[in-house]
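Participant: Chains A and B are the protein sequences, given in the same order. If you're matching positions, the first sequence starts at 1 in the numbering used here and goes up one per residue. If you're matching positions, the second sequence starts at 1 in the numbering used here and goes up one per residue.
Misleading hints may appear alongside valid ones.
No copy labels: a pair is met if it fits in one copy or bridges any two.
Claimed, not checked - As a list, the in silico SDA-like pairs of lysine to any residue whose alpha-carbon atoms are at most 20 Å apart:
| # | residue 1 | residue 2 |
| --- | --- | --- |
| 1 | Lys189 | Lys223 |
| 2 | Lys29 | Pro298 |
| 3 | Lys29 | Asp167 |
| 4 | Lys70 | Gln20 |
| 5 | Lys70 | Pro154 |
| 6 | Lys171 | Arg33 |
| 7 | Lys73 | Ile4 |
| 8 | Lys91 | Leu62 |
| 9 | Lys189 | Ile224 |
| 10 | Lys293 | Met17 |
| 11 | Lys223 | Thr117 |
| 12 | Lys110 | Glu90 |
| 13 | Lys189 | Gly225 |
| 14 | Lys52 | Thr24 |
| 15 | Lys265 | Gly151 |
| 16 | Lys293 | Asp185 |
| 17 | Lys91 | Gln163 |
| 18 | Lys223 | Asp192 |
| 19 | Lys3 | Val22 |
| 20 | Lys293 | Gly148 |
| 21 | Lys61 | Gln2 |
| 22 | Lys84 | His155 |
| 23 | Lys189 | Arg262 |
| 24 | Lys136 | Leu159 |
| 25 | Lys223 | Glu188 |
| 26 | Lys189 | Met1 |
| 27 | Lys293 | Asn172 |
| 28 | Lys223 | Asp185 |
| 29 | Lys223 | Tyr191 |
Since the hints were derived computationally from the structure, they do not count as laboratory data.
Protein chains: 2
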Amino acid sequence: MQKIVIHEVGLRDGLQMEKQVVPTEQKLKWINRLIDAGVDIIQVGSFVHPEKVPQMADTDKLFAELTKNKTGKAILSGLVLNEKGLERGEKCGVEMYCLGVSASETHSMKNTGMSTTEATERIIATAKQAISAGKKVQVSVQSAFGCGFEGVVPHERVLGIVQKYLDAGLKNISLADTAGHATPDQIEKLYDAIYKLDSSVEAACHFHNTYGMGLANIYAAMKIGVQNYESSIAGLGGCPFTKVAAGNVCTEDFIHALQRMRFRKEINLLKLIDLAKEFAGFFNREMPGLVYKSGPIPMNQ
Amino acid sequence: MQKIVIHEVGLRDGLQMEKQVVPTEQKLKWINRLIDAGVDIIQVGSFVHPEKVPQMADTDKLFAELTKNKTGKAILSGLVLNEKGLERGEKCGVEMYCLGVSASETHSMKNTGMSTTEATERIIATAKQAISAGKKVQVSVQSAFGCGFEGVVPHERVLGIVQKYLDAGLKNISLADTAGHATPDQIEKLYDAIYKLDSSVEAACHFHNTYGMGLANIYAAMKIGVQNYESSIAGLGGCPFTKVAAGNVCTEDFIHALQRMRFRKEINLLKLIDLAKEFAGFFNREMPGLVYKSGPIPMNQ
């Protein structure tokens with residue numbers, strides 16, 4: 001049976017978009033419950049400048065606490081944007097680094113002040129440093145399936161970045177559908193092209209459900225052999241300031257679908273659903289996830 | 001390019017679940033707007049007993065009005081449960097009859113007071129009468145992918161009913177995921193088995209998005225060659241009396257995804273989105289559809 005790895009990113013990609021800064025103690029409780037439920041990798045936070053994203057200001061502290069008294073098997077990942085982030089990460093015990101560039105020039109300039117080419121060089125240098133330090137590393141291509149600013153992102157642009165990653169020996173590569181534009185047919189084509197560049201690539205994906213295509217895209221990725229999936233508890237990560245209701249693919253909806261297809265039945269879905277309910281209570285609004293509202297299909301059905 | 005036919009069922013499968021009885025004049029306006037937007041088939045209502053489902057009591061009147069001054073090319077379909085429904089339908093100008101049985105004994109008994117076997121005989125007899133009258137007919141298997149009462153519905157049960165339909169010369173066959181239990185892998189297996197029974201079958205599908213798998217299931221069906229899709233404007237058809245937020249696959253979300261994949265670009269998505277917004281206003285609640293909230297991805301993207 002195909003291996004499916006779950007990378008929970010809600011506490012980073014979700015919480016960074018919330019107005020409310022969540023207290024560190026609360027985050028620790030949530031992370032420990034995610035570990036307890038049995039997800040494989042948990043993205044704890046992002047090493048951005050604390051003034052730019054105050055929601056992520058406690059990332060170093062979170063890692064220090066979590067690695068001091070480590071429970072469970074989950075790998076703790078952190079997003080870094082540059083060498084400075086890596087330095088911080090090395091001091092507090094990050095186990096896996098996630099770094100990325102945007103395939104859209106406009107998105108890249110807005111996010112980093114650098115062109116895609118410059119950003120790719122910087123990210124590859126940082127990724128190599130992290131690997132030298134003996135750490136697990138995942139590199140990503142953001143806006144890989146389309147961009148809210150530029151629209152269509154040609155596959156050649158994405159494949160060009162992927163080739164540079166591969167040339168640098170970076171094999172764990174995630175494609176992120178930052179704008180939610182991806183369609184299943186596009187996913188088949190792009191991952192197929194990547195597997196043709198290097199059949200030993202450890203492909204990952206990060207899909208959004210902005211337009212309802214999240215699980216369809218995941219299924220297309222599964223069919224083509226992608227093993228690593230990033231998703232977000234309760235579907236956190238929709239922008240609460242706009243009318244866009246749905247954010248990242250919702251972890252518990254995804255696990256529910258997976259378990260219906262007999263994958264990853266050892267993950268405790270009910271614990272994830274309880275946690276999603278708690279998020280809805282904490283933020284006092286309806287979350288994009290569906291299964292926490294409907295309840296799961298009973299196991300014997 | 002694969003042919004994809006859109007059968008809009010919101011005014012039947014959606015409105016029959018609403019507390020509020022919608023005035024006939026309002027329904028006519030909505031149906032005319034659906035015709036204008038370019039969907040292929042519109043399910044106008046259901047020929048049930050008006051006391052049982054008062055929301056559908058004006059079905060005869062709707063057909064009479066719509067066929068009197070017919071505009072557009074859309075085929076007008078109606079759900080009939082028995083010979084009595086067919087008689088009513090023949091008087092008011094139904095263009096396509098939809099009839100079905102449930103593959104779940106419990107669901108069948110609750111719905112019709114008959115076993116699946118008895119119900120199948122009745123439905124086949126009625127369907128044959130409709131065909132003799134020169135009408136288009138679609139027969140369905142409800143609870144084809146699982147049942148809220150019984151749980152797992154063995155594929156053999158579904159295929160047994162399909163075989164009886166085929167033996168009776170009924171080739172337009174829809175599988176309905178009444179409970180929302182279907183998964184893409186199951187869809188591949190079941191439709192594959194049906195195409196093996198008769199490769200010339202005109203397969204259709206009716207999926208719900210209860211647990212978020214709606215578009216994933218549709219994509220699986222597209223890949224295996226299914227041409228006929230039933231969906232519901234704004235995602236109408238979730239039960240507004242329970243916490244289950246999502247109902248039928250949402251038409252405009254589906255069309256949006258299709259058009260991103262270059263299918264059916266002649267359908268006017270913006271008109272469908274406007275209509276979905278109107279439903280949210282009319283029922284004064286948020287609808288399950290996502291695209292009417294987020295707005296579509298601009299055409300040039």
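Participant: Can you give me the call for Lys110 and Glu90, within, between, both or neither, at a CA distance of at most 20 Å?
Facilitator: Neither, since 27 Å and 63 Å both go past 20 Å.
Participant: Within a copy, between copies, both or neither: where do Lys61 and Gln2 come within 20 Å Cα-Cα?
Facilitator: neither (36 Å within a copy, 54 Å between copies)
Participant: For Lys91 and Gln163, with the copy left unspecified, which applies at a CA distance of at most 20 Å: within, between, both, or neither?
Facilitator: neither (31 Å within a copy, 67 Å between copies)
Participant: Checking Lys293 and Asn172: alpha-carbon separation at most 20 Å within a copy, between copies, both or neither?
Facilitator: For Lys293 and Asn172, the Cα distance exceeds 20 Å both inside one copy (34 Å) and across copies (35 Å).
Participant: Checking Lys29 and Asp167: alpha-carbon separation at most 20 Å within a copy, between copies, both or neither?
Facilitator: Cα proximity of Lys29 and Asp167: none, with 40 Å in one copy and 60 Å across.
Participant: With identical chains, the pair Lys189 and Lys223 could be close in the same copy or across copies; at 20 Å between alpha carbons, which is it: within, between, both, or neither?
Facilitator: Close inside one copy (12 Å) and across copies (14 Å); limit 20 Å.
Participant: First find the shortest C-alpha distance between Lys223 and Tyr191 inside one copy, then the shortest across copies, and answer within, between, both or neither for a cut-off of 20 Å.
Facilitator: For Lys223 and Tyr191, the Cα distance is within 20 Å both inside one copy (11 Å) and across copies (17 Å).
Participant: First find the shortest C-alpha distance between Lys136 and Leu159 inside one copy, then the shortest across copies, and answer within, between, both or neither for a cut-off of 20 Å.
Facilitator: neither (22 Å within a copy, 49 Å between copies)
Participant: Is it within, between, both or neither when you check Lys171 against Arg33 at 20 Å Cα-Cα?
Facilitator: Neither: 30 Å inside a copy, 51 Å across copies.
Participant: With identical chains, the pair Lys223 and Asp192 could be close in the same copy or across copies; at 20 Å between alpha carbons, which is it: within, between, both, or neither?
Facilitator: Both: 11 Å inside a chain and 16 Å across chains, each within 20 Å.
Participant: Between Lys293 and Gly148, at a C-alpha cutoff of 20 Å, which is it: within one copy, between copies, both, or neither?
Facilitator: Only across copies: Lys293 and Gly148 sit 16 Å apart there, 30 Å inside one copy, limit 20 Å.
Participant: I want to check one pair: Lys189 and Arg262. Are their C-alpha atoms no more than 20 Å apart within a copy, between two copies, both, or neither?
Facilitator: The answer is between: 15 Å across copies meets 20 Å, while 26 Å in one copy does not.
The structure fails hints 2, 3, 4, 5, 6, 11, 12, 16, 17, 19, 21, 22, 24 and 27 (numbered hints given earlier, in ascending order).
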